[in-house]
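> Whole structure, please, built from the sequences with the hints as guidance.
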Amino acid sequence: MKKTIALLTLAAALAAPMAAQAHRAWLAPTATTLSGSDAWVGFDAGMSNQVFNPDHAAMRLTGLAITAPDGSAVQPEHAMQGQYRSTFDAHLTQNGTYKIANVMGGVMASYKLNGEQKRWRGAAAEYPAGLPEGATDVQATRTASRIETFVTLNNPTDTVFKTTGEGLELVPVTHPNDLVVGEPATFKLLNNGQPASGLEVTVARGAIRYRDNPEESTVTTGADGAFTVTWPEAGMYWLNASVRTEGHGETLGSNASYVAAMEVLP
Amino acid sequence: MRLLPVVITTVGLAAAAAPAMAADLTVSVEIPRLNTASYHRPYVAVWIEKPDQSAERTLAVWYQQTRNNEGDGKDWLKDLRTWWRKGGRAMSLPADGVSGATRAPGRQTVTVPAARLAGLQPGQYNIVVEAARELGGREVVRVPFRWGAANTGAGTGSTELGAVRVAVSR
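Protein chains in written order, with the working numbering: chain Z, 541 to 806; chain B, 53 to 222.
Hints may contain errors.
Unchecked claim - Only part of the chain B face toward chain Z is listed, based on derived beta-carbon distances under 8 angstroms:
| id | residue |
| --- | --- |
| 1 | D124 |
| 2 | K126 |
| 3 | D127 |
| 4 | L129 |
| 5 | K130 |
| 6 | R133 |
| 7 | W136 |
| 8 | R137 |
| 9 | R141 |
| 10 | A142 |
Claimed, not checked - In silico DSBU-like links for lysine-lysine, alpha-carbon gap of 35 angstroms or less:
| id | chain 1 | residue 1 | chain 2 | residue 2 |
| --- | --- | --- | --- | --- |
| 11 | B | K138 | Z | K639 |
| 12 | B | K102 | Z | K658 |
| 13 | B | K102 | Z | K702 |
| 14 | Z | K702 | Z | K728 |
| 15 | B | K138 | B | K102 |
| 16 | Z | K702 | B | K138 |
Keep in mind the hints are simulated off the structure, nothing from the lab.
Please read all numbers here as calculations on a predicted model, not as lab measurements.
Here a beta-carbon is modelled for each residue, glycine too, at the ideal position from N, C-alpha and C.
Put into structure tokens, the structure is as follows:
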């Protein structure tokens with residue numbers, strides 16, 4: 541018995557720092573494929589170990605933007621922040637595909653002031669002016685995080701797939717609201733507008749609580765940034781990739797990540 | 053050829069007056085009678101599919117034609133998942149001669165006059181019937197047939213659909 545407890549304590553101690561790193565951010569729709577003259581879709585956003593299973597932290601939606609097929613912005617409605625998830629609704633009134641994205645970015649810096657180690661965080665435009673006078677040993681990283689999903693009322697469209705050239709972005713080759721079991725789907729990843737080659741993409745299916753095997757897989761992007769997934773089962777899938785480069789002196793490092801939630805139907 | 057009169061007699065007396073040759077493609081669909089606590093008639097789509105499984109054209113969609121306190125009938129068309137993806141979502145509904153109200157359990161028939169299929173190239177096709185029911189399941193049945201000569205085909209579902217019969221009269 542004592543031995544078991546000791547082992548458990550050890551396991552817990554090992555898990556703690558890992559867990560902090562392993563928390564996954566997700567923005568999941570209650571439905572992706574809708575019909576009729578208008579429709580409502582709800583969204584949950586959180587950070588957790590198991591994707592789409594709210595048990596750790598709610599997501600801050602400071603960078604939330606809902607883009608309608610005609611390019612206009614849609615206001616989220618009924619927004620609420622719970623303990624483990626943030627939720628909001630979107631009212632779809634146009635035919636076509638909507639993009640729902642929480643995009644955040646900025647600069648994170650560490651520096652020394654009077655021999656003391658300090659951290660700074662702010663918008664890219666405020667750097668380096670935002671650092672205090674006399675800061676030395678500055679190490680800065682530009683961060684770009686994009687967490688998004690897509691939903692479609694009636695026939696799918698592709699107007700919301702325009703990229704911005706900032707951070708990691710997805711360019712669908714297969715429409716993300718046209719995914720079914722057994723059919724291959726291809727997407728391209730761009731990093732600052734350039735094909736992100738050799739990137740490892742994690743593909744994880746939700747509802748892990750109801751099975752024993754996590755069934756997670758990875759796929760690597762090709763020279764053109766493209767990767768292909770053949771869906772083994774229906775469900776809500778979480779796709780994630782990130783790129784990190786170290787900074788050297790004046791040159792900023794970068795840390796860009798991309799997450800998408802995509803629904804695969806039977 | 054022999055099946056067609058049988059189908060017509062079963063369908064009902066209303067159709068009996070029409071000559072047999074007027075209907076070149078007939079699909080009969082058995083909607084099973086299910087004993088469940090809360091039965092709703094299924095949404096059903098019937099379409100012609102090419103051998104590569106792409107949709108050639110929709111022959112019939114049966115769905116709730118009205119709006120009730122739960123919503124508009126079209127809100128659940130997406131539940132006919134296969135049909136929705138393969139062409140339903142690109143259609144403008146209601147469509148003349150295609151849209152119709154949900155049908156009761158029993159044998160239901162879709163008769164397509166030759167004139168409506170004038171553009172269909174002779175060759176091998178499937179008739180696909182998909183049914184999706186509120187608080188129930190979904191099922192797809194495919195029946196191969198040849199267009200260009202008289203022939204018949206049959207298939208059967210196991211949960212949401214019964215026998216599906218296809219007859220080409222000439």
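> Evaluate each hint against the coordinates.
Taking the hints in turn, this is what the structure says about them:
1. D124: 5 angstroms, holds
2. K126: B:K126 check passes; min Cβ-Cβ to chain Z is 4 angstroms, inside 8 angstroms.
3. D127: 4 angstroms, holds
4. L129: 4 angstroms, holds
5. K130: Holds - the Cβ of B:K130 comes within 8 angstroms of chain Z, reaching about 4 angstroms at its closest.
6. R133: Constraint on B:R133 satisfied, holds at 6 angstroms.
7. W136: OK, holds: B:W136 within 8 angstroms of chain Z, min 7 angstroms.
8. R137: It holds, given that the least Cβ distance between B:R137 and chain Z is near 7 angstroms, below 8 angstroms.
9. R141: B:R141 check passes; min Cβ-Cβ to chain Z is 5 angstroms, inside 8 angstroms.
10. A142: 5 angstroms, holds
11. B:K138 - Z:K639: 22 angstroms, holds
12. B:K102 - Z:K658: Outside the cut-off at roughly 66 angstroms; violated.
13. B:K102 - Z:K702: Holds - the C-alpha atoms of Z:K702 and B:K102 are around 34 angstroms apart, at most 35 angstroms.
14. Z:K702 - Z:K728: Between Z:K702 and Z:K728 the Cα gap is close to 13 angstroms, so the pair holds against 35 angstroms.
15. B:K138 - B:K102: Holds: B:K138 and B:K102 sit about 11 angstroms apart, inside 35 angstroms.
16. Z:K702 - B:K138: Roughly 25 angstroms between the alpha carbons, so the hint for Z:K702 and B:K138 holds.
When held up to the earlier numbered hints, the structure conflicts with hint 12 and nothing else.
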